[in-house]
Amino acid sequence: MTRQMHLNLFIQSRGHHEASWRHPDASPLPLTDIRYYRDVAQRAEAGLFDSIFLADQLALDGDVGRAGRSWLEPITVLAALATSTDRIGLIATASTTYTEPFNLARQFASIDHMSNGRVGWNIVTSWLAAAARNYGGDAQVTHADRYARGEEFVAVVKALWDSWADDAVVDDRDGGQYARPDRIRPINHEGEHYRVAGPLNMPRSPQGRPVFVQAGSSDTGRRFAARHAEAVFTAQMEKATARDFYADIKALAVAEGRFPEQVLILPGLSPLIADTEAEAQRQARALNDLTDPEVGRKRLSGRFGGHDFSHLPLDKPLSPEDFPDPGTVEAARSRTEVIVGLVRREKPTLRQLLAYLAGARGHYTTAGTPEQVADLMESWFAEGAADGFNVMPPVLPAMLDVFVAEVIPILQKRGLFRTEYEGETLRDHYGLDRPEGGAWN
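So in the numbering used here, spot 31 of the sequence shown is number 31, and the numbers just go up one at a time.
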């Protein structure tokens, strides 16, 4: 079968541009209205997307007065969407830093049953200092400690999901036997961070385990992805660095004894599409005109672990020396590396940098015609930079509708994207193997 792209829709706020919440084409529904998420998910399903993704944040941003970035808890939303969609995959972020393995294993297994095998878990190690204070801490957990805890967390949830054999439930009403106790086992995990007896108190889910998604691009994050991730969301600002990242993750996966095609690389892409390039650029400028530079400055500070950027003038060219060394940042280190790399290459002013980050927070942004967007996607896909894309429309649902109506037919005509769903589960859509049941095999 000819290799085809995988497309995930990243649903955030009323779109991925910082000013999307106030754009006239954005959804009029509140961000706390489940009808908004249902509507966008169903539009993505009509466009044959592999999956949708909901991110998470465990603290309120300090810029809430002028930024529409508060929304519903994502695992709860997935449960609702499981009953209002039929085929599209459902992925949500959940933290290994501020939850317990048994709770998370139950929640995601439940949604996998509810959706008939369509759930994925975006594994994150939470970095916000404000989140630490919401969970009884005084400071951020260090980058190294977050990943050490995350490794053990993943080992525990895998064991819990495998604690029931696939044939454990017999549901024999006439014979009076529901399950075979000899096919259900405790896990008896005792580690540095967790003690969990198990087994999970529900049968193995349709996919065996949810699809594992990961988004860290630091050295530690890449090695974590190579060991565990089946799909990798990544922020790349140019094709050359995307190709390097792609090759590195695939090689690391092979070194871990995995098949490279079982680790999908999906860079973020935020396309603004219009009939002409000039009109697309005009719309992009109009969106940027709606932004508040001080909101962007606060967001930049959060990316760098609370570093104070208030002294930097908006219209003076930046240099890497204006930023902390990314290696010393205990927040999302990979994204700080992307930002400092952009400053080193292009020397933007702070105003220009904030406008760029307003588009999609360091993911690739583009404005052009449907053909130009399709050409860009095909180029990255064909030249070893992507297995597909984490699509991040600047404004929802309007700019998703344009992508579905104008770009997807071009990709389909070129044989690069499906014309119908062929499988039932998220693993089917992504072309991933169903994991075996551990010691039961």
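It cannot be assumed that every hint is accurate.
Quick list of in silico lysine-lysine cross-link-like pairs, BS3-like style, CA-CA up to 30 Å [to be verified]:
| id | residue 1 | residue 2 |
| --- | --- | --- |
| 1 | K298 | K316 |
| 2 | K250 | K298 |
| 3 | K413 | K239 |
| 4 | K250 | K413 |
Computed Cβ-Cβ distance ranges for the label pairs, DEER-style [what the hints assert, rightly or not]:
| id | residue 1 | residue 2 | range |
| --- | --- | --- | --- |
| 5 | Q352 | D61 | 20 to 26 Å |
| 6 | D145 | R195 | 15 to 21 Å |
| 7 | D25 | A255 | 43 to 49 Å |
| 8 | Q352 | D244 | 49 to 55 Å |
| 9 | L60 | G191 | 28 to 34 Å |
Note that these hints are calculated values from the structure, not bench results.
From the three backbone atoms N, C-alpha and C, an ideal C-beta is built for every residue, glycine too.
Hint check:
1. A distance of roughly 18 Å separates the Cα atoms of K298 and K316; the hinted pair therefore holds under the 30 Å criterion.
2. For a cut-off of 30 Å, the pair hint linking K250 to K298 is broken: about 35 Å separates their Cα positions.
3. For a cut-off of 30 Å, the pair hint linking K413 to K239 stands: about 24 Å separates their Cα positions.
4. Under the criterion of a C-alpha separation no larger than 30 Å, the hint pairing K250 with K413 is consistent with the structure, at around 29 Å.
5. Q352 and D61 have their C-beta atoms about 22 Å apart, which keeps the hinted 20 to 26 Å range intact.
6. Between D145 and R195 the CB atoms are about 18 Å apart, so this pair conforms to the stated range of 15 to 21 Å.
7. A C-beta distance of roughly 46 Å is found between D25 and A255, which places it inside the suggested range of 43 to 49 Å.
8. Checked against the hint of 49 to 55 Å, the pair Q352 and D244 fails, with Cβ atoms roughly 25 Å apart.
9. Range check, L60 to G191: Cβ separation about 32 Å, and the 28 to 34 Å hint holds.
Comparing the model with each numbered hint stated earlier shows that hints 2 and 8 do not hold.
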